[in-house]
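Enquirer: Go ahead and model the full structure; you've got the sequences and the hints to work with.
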Amino acid sequence: MATLVSHPDEVRVISKRFGQGATEIERYLQLDGYKAVQKALGMGADAIVNEVKNSGLRGRGGAGFSTGMKWSFVPKQSAKPKYVLCNGDESEPGTCKDRLIFEHDPHAVIEGVMIAALAVGSHIGYIYIRGEYRYLSVIMQKAIKDAYAKGFLGKNIFSSGYDLDIHWHGGAGAYEVGEESALMESLEGKRGIPRIRPPFPAVVGLWGGPTVINNAETLAAVPHIILGGADWYAKLGTPKNGGTRLFCLSGNLNKPGVYELPMGYNLKKMIYEVGGGISNGRGLKAVVPGGSSTPVLLPEEIDVAMDFDSVAKAGSMLGSGGVVVLDDTTCIVKFALRTMKFYRHESCGWCIPCREGTDWLEKTLTRFHAGAGLKKDIDNIYYLAENMLGKTFCPLGDAAAMPTMAFVKKFREEFEDHLDGKPCPFERTGAAERQPVLA
Amino acid sequence: MIVDTQNFMKFSDEFEARFTEMLTHYPTRRSALVPTLLYAQDEVGALTDEVIAELAQRLDLTELEVRNVISYYSMLTTKPRGKYNVQVCTNIACMLRGGEELLDHCKKKLGIGHKGTTEDGLFSLEEVECIGACSWAPAAQVNYDFHENLTNAKMDELLDEYKKKGTQ
Amino acid sequence: MPDVTLTVDGKKITAPAGSLLIEACKSVGIEVPSFCYYPGLSLQGACRMCVVKIEKMPKLQTACTTTVTEGMIVATDSDEVRQARKAMVELLLGNHPLDCPVCDAGGECELQDMAFSYGAPESKYTEAKNHREEQQWSPVVYFDRPRCILCYRCVRVCGEGMDVWALGVQNRGVSSIIAPNQNDHLDCEECGMCIDICPVGALTSGAYRYKTRPWEMNHVGTICTHCGDGCKTTLGVRCCDAGAEIVRGDNRDKSGINNDFLCIKGRYAFDFAHHKDRLTEPLIRKNGKLTPATWEEAFELIGKRFREVRDHDGGSAIGVVGSNRTTNEENYLLSKFARAVLKTNNVDHHRTADFPALAAALHGKPGKTASMRDALNAPAILLIGNDPTNQHPLLAWQIRTNVRLRRAKLYVINAAPIKLRRQASGSALVPAGAEAKAVAFLGGDDSLLDALVDSQVAGGLTREAWIALRERIRGEQNMVIAFGSELRGHDIERLVSFASTLTGAKLICLGDYANSRGASEMGLYPDLLPGYEPVARADRFQKEWGKLPRETGLSLPEMVEAAKAGKLKALYVVGSNPVGRLKVDPFVLSKSFVVVQDMFLTETATIADVVLPAANAYEKTGTYTNTCGDLQLVKKAGEISNTKPDFEMIVRIADAMGCDVSGLVPFGSGTHSDMGQTRGAQSGEADRHAVWLEAHNLEPKMTPFDPMAILDEIQRVVAGYDVSRVNLLAGNDQHLEIAESGASLIQQPELIDPANDDLFSSGTLGRYSKTLNSVFENKSAESEVAAD
Ligand SMILES: Cc1cc2nc3c(=O)[nH]c(=O)nc-3n(C[C@H](O)[C@H](O)[C@H](O)COP(=O)(O)O)c2cc1C
Ligand code: SF4
Ligand code: FES
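Chains as they are written, first to last, in my numbering: chain D, 7 to 445; chain W, 808 to 975; chain B, 790 to 1577.
Be careful, since some hints might not be right.
Cβ-to-Cβ under 10 Å is the rule here; a few derived chain D residues that face chain W [stated by the list, open to error]:
#: 1; residue: Y168
#: 2; residue: D333
#: 3; residue: T336
In silico lysine to any residue, SDA-like type, Cα no more than 20 Å apart, as pairs [unchecked claim]:
#: 4; chain 1: D; residue 1: K196; chain 2: W; residue 2: E870
#: 5; chain 1: B; residue 1: K1372; chain 2: B; residue 2: A1354
#: 6; chain 1: B; residue 1: K842; chain 2: B; residue 2: Y907
#: 7; chain 1: W; residue 1: K890; chain 2: W; residue 2: D849
#: 8; chain 1: D; residue 1: K148; chain 2: W; residue 2: F826
#: 9; chain 1: B; residue 1: K842; chain 2: D; residue 2: I202
#: 10; chain 1: D; residue 1: K381; chain 2: B; residue 2: P1538
#: 11; chain 1: D; residue 1: K196; chain 2: B; residue 2: W954
#: 12; chain 1: B; residue 1: K845; chain 2: D; residue 2: L395
#: 13; chain 1: B; residue 1: K848; chain 2: D; residue 2: L10
#: 14; chain 1: B; residue 1: K913; chain 2: D; residue 2: D426
#: 15; chain 1: B; residue 1: K1226; chain 2: B; residue 2: P1538
#: 16; chain 1: B; residue 1: K1154; chain 2: B; residue 2: H1279
#: 17; chain 1: D; residue 1: K196; chain 2: W; residue 2: T884
#: 18; chain 1: D; residue 1: K22; chain 2: D; residue 2: L10
#: 19; chain 1: D; residue 1: K274; chain 2: D; residue 2: D237
#: 20; chain 1: B; residue 1: K1198; chain 2: B; residue 2: L1291
#: 21; chain 1: D; residue 1: K161; chain 2: W; residue 2: H832
#: 22; chain 1: B; residue 1: K913; chain 2: D; residue 2: D237
Bear in mind the hints are in silico, worked out from the structure with no lab data behind them. Think of the CB as a built atom: it goes at the ideal place given N, C-alpha and C, for glycine as much as any other residue.
Expert: Okay, here's the thing in structure tokens:
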């Protein structure tokens, strides 16, 4: 349903089958489908884990943790069943990539879950898809059913003697449920409240059993790694950042869209070449490089390689691959407010700093943006965010605090422009000049 | 607890088949709760007291536990919405491309506010958080259908279409 | 497990491996603040107050969820840590109404304390606070949303602790709210644990709210007077016109066998003491009507008539009925007074359990009874009959806690699907009345298996399952076996012999009232003296008591028969209501001279010739023995002027009969002063008084009304009661060895009549408790609505 785009710089691995009708299992099989899992069946668990480790694949869910490493933490022996869990809750503002994978290549996710299961010795996997993605759930449910019908899932898959079940599971609207331990709670039929760690999911996860949890894109990359080899995959990216990833370009761009680019692709180039530059002929004000949780970068900071380590060095995070571009008519206070409104709405409410902090930040920013700001508010906003950072129960609090601190630090003057009863300077410039793309 | 087998609520056969199968997917009954609630809501229109009592009984939960879960998830509701629930995303990517103006437009056009329902019960309106359509912003969902790269004019057409469909 | 060494604030400390950092710190006196952490309940990590700095960790860590590791270096009070905590308090206060001046928790509020310690002087917020109206969830539970800090203690104690699960959390984020199970009200056991555990004033008690400030009360630790479990309760007491009023009950200091547990009765049902129907003057029947009289008049009349009957018709024409709620001292004194002064063995009480049978069965088997603490620590528990959730709430709490925290195995054999089965790892439903058969089967009598299996309904076991269950039970070591009044006489003997085949098994016999066990042990029986000594072997008591009647006296039903035949000329009823509770026909007693000591004009009191207004257990000092045999100190808290403790009344009647009171109560010869009996309600005051007396070289003076004087004698004479007095006076419970005097079984199990009180009823006391009644009415009203 979502429009596909393309650019010559793209390296199509995950998106290889996009638009090819691969939702049909027969078509998927024609396009090398289910070859990787059969190869993996012959490799043995340790070899799979090593291959994935060596590929330099890092989690596409946001934290960028080495996938192979994560799998290696799962104990070999376990009294309780082990589980593989695909995180398809995709809710980070600015991110719309897993959606395309589910829409165009659902079997790749299934195959990825299967390989992960083989790697850790699990016999049951779940693919969790956010509730809003009903049409994708329908696609996924059919894909799973087709795989069962072919004997790829269930007892004795590919006559290997290995039993493996995979089930679909659906959410019902909650960003926090994307957090791995909250996702497990949700799957167990509970409120999406994260769990205390340690123990980590790899040791104690779903229903107390060791659990591997990976983002849908991460898992979709796995079959390609198994077929193409770790070396090939690693070399597509930069050192320690193997492969390609789906970048979701959004905001004030001429050619927004989801593009598959090698890890380490230059951000500036991504914006001006791949994304077609700033729309309406405006100038660039700032870029959110990895979803709403990541601190903004100023125009002078965007000459950066888009891999986990480089972006971190630039003071932000690669996150979930959602690149949101702000043109120079954007009010940063407004942007900060909308971001905070989201976190206030999505905070699970479990811990004090996140629950209360997001509420006060939203309230203060609302008043501030409405023109009733006080000078002390600017420091207060920073103080509140700073006191949330690193003190919350789960990283959602950090996700709310980090961008907020960056907004204040990098755009203090713009905050000050809102003071003394002055209306928002950007509302003042008038609609003609602001030109939302919508008009 | 006395299980009154006579008074089981009637859901569609499709729901029952899905529910029965889903229970086989998990080691605990309550695991089926969240998706089941959404499917039940789709059929009944809202998670009424009756639905809550029914599902609580089926999944060995107290009604309180079911309510606790319902109130956590933003798609779940205990009050009926309009036949077409128009959900306009105003989160950052959409905001940058006019999501808020689109929402305002819908408010005016439908004459209702956030979480309001039109008098004829046809439409309800909701400002929602990111729905995963950032690269095709601004976007909205009507029930489960995505509508992307919207403008006010496109939105008008869309609403008219739904209205036609809904009053046929 | 081996100990771990770590450094906290520069101090080297050791702690058992696996312990939580917050507990390790506490054990060496380093207090790490917390709201959501509560020992014994599941971990939350939600309030973030307990953050500490641990070396090599990038972020601050929560001490409540971190387990100690070898070599860990921790700072609990650095600037960074203090700032983090201060920020937490600021955030909490942001939405907090700051209505401390009118909040019940003011002065006892953990948020107040925290704000004081970490300082959040200036408010950083300009916006309005979120507000919500206060809600009443039940007659006793009020919820004030804005004060709630979402520590989830209430939710956990209700679910994990009580196994009631009546509270939940609804919505998310800043809209999160604690919610009751019935939309806007609670359907629960009304234990009030949620109120007590709330660190702030979010949950308040309908019985206490807006009555007083915590610092305006005196706090007296005493024992609950309702069921037989003997919970310690700290009563908040305030002066009032009528004397001293009890306004609150809790056990927040976690002293006593019940830790912080109390059920609805312990927490609220002290209010019968201030019921308007409370008797405050002696009544004498004149011209057929009970008419107010002076104490002197009353005592003189009773003394005269008792003496006349004794001297004219003999002691056997007098009957004495004692109480399950008076103290050991009073029961002992009554027993002694009956035998030594009234010269009668016609002594009885409302029997609710067969303690004498247990004593008899345990002859020659010392150390076989379990204490209430054992129920919390035993690796296995076997419960036969009874419904502890309703009848022994503390025992039920101990069992649940033990199963939850120590994974004890619980086995339940019962004729009803009682709630505790949820904690059971093995349970069997038996036909009503077949508990004894199950005991015989456990003991090896397989012929009874058919009776247990055949008539089974749902929940019953098959033959194989019964045998498997027996094997598992037989395999348990150090098991506590608790049984209800379903087992009596020889069934108890059978159970004891089965228990003797197990390693380390101990027994608990479940009786119904606060001092049923004490009444039994102090010899309120026609055939037994204190310590289950048969009346025929009264020699032991001769020295202290003088010459005693040797023939078995009349049991209560026999006394009624004698009255009917015109042979019972006088009946002395102390704190008991045989007409109301045991369905004694009041008409039968019309020819006897009846004296009743009670708080209210009970069914029995209405037909009496003299009624004396009695103080209750909250208004006097003494000791109670709970159903397990744990001896505890009862302290005076409240006071209603012009009532008297039963102890004093017995002494005064004896005096009026011309008896030498110093022979009855050996006052002056003891070593201990009274415990505030006559000096007001303040705890500690008696101690201060004693200290003052000693400092001035004055002997603590004792009166014949001092129950502590007769405690000396009890300790000397009653087998098992020779425990440390210092420990007792310090408020500690002491488990008593049951007196196994070697008496044979008394064969009248039919005289046992369990009270069957539940959480919301408590005999006569319950009828006069406004709180219990309001909860009860509220519940009936709701079930009517539901039935409509
Ligand atoms: C608040 C929050 C929301 C998250 N949402 C998502 C999500 O929607 N999808 C996702 O894959 N990971 C999400 N994550 C990250 C997951 O916790 C987890 O790290 C990830 O699923 C692991 O997969 P990966 O190793 O393949 O990235 C979220 C994390 C946080 C703290
Ligand atoms: S009501 Fe009290 S105990 Fe319960 S969560 Fe709120 S503050 Fe904590
Ligand atoms: S921000 Fe609107 S769909 Fe993502």
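Enquirer: Look at each hint and say if it fits the structure.
Expert: Verification of the hints:
| no. | hint | verdict |
| --- | --- | --- |
| 1 | Y168 | violated (19 Å) |
| 2 | D333 | holds (8 Å) |
| 3 | T336 | holds (6 Å) |
| 4 | D:K196 x W:E870 | holds (13 Å) |
| 5 | B:K1372 x B:A1354 | holds (18 Å) |
| 6 | B:K842 x B:Y907 | holds (17 Å) |
| 7 | W:K890 x W:D849 | holds (10 Å) |
| 8 | D:K148 x W:F826 | holds (16 Å) |
| 9 | B:K842 x D:I202 | holds (18 Å) |
| 10 | D:K381 x B:P1538 | violated (84 Å) |
| 11 | D:K196 x B:W954 | holds (15 Å) |
| 12 | B:K845 x D:L395 | holds (18 Å) |
| 13 | B:K848 x D:L10 | violated (42 Å) |
| 14 | B:K913 x D:D426 | holds (19 Å) |
| 15 | B:K1226 x B:P1538 | holds (16 Å) |
| 16 | B:K1154 x B:H1279 | holds (16 Å) |
| 17 | D:K196 x W:T884 | holds (16 Å) |
| 18 | D:K22 x D:L10 | holds (12 Å) |
| 19 | D:K274 x D:D237 | violated (28 Å) |
| 20 | B:K1198 x B:L1291 | holds (15 Å) |
| 21 | D:K161 x W:H832 | holds (14 Å) |
| 22 | B:K913 x D:D237 | violated (55 Å) |
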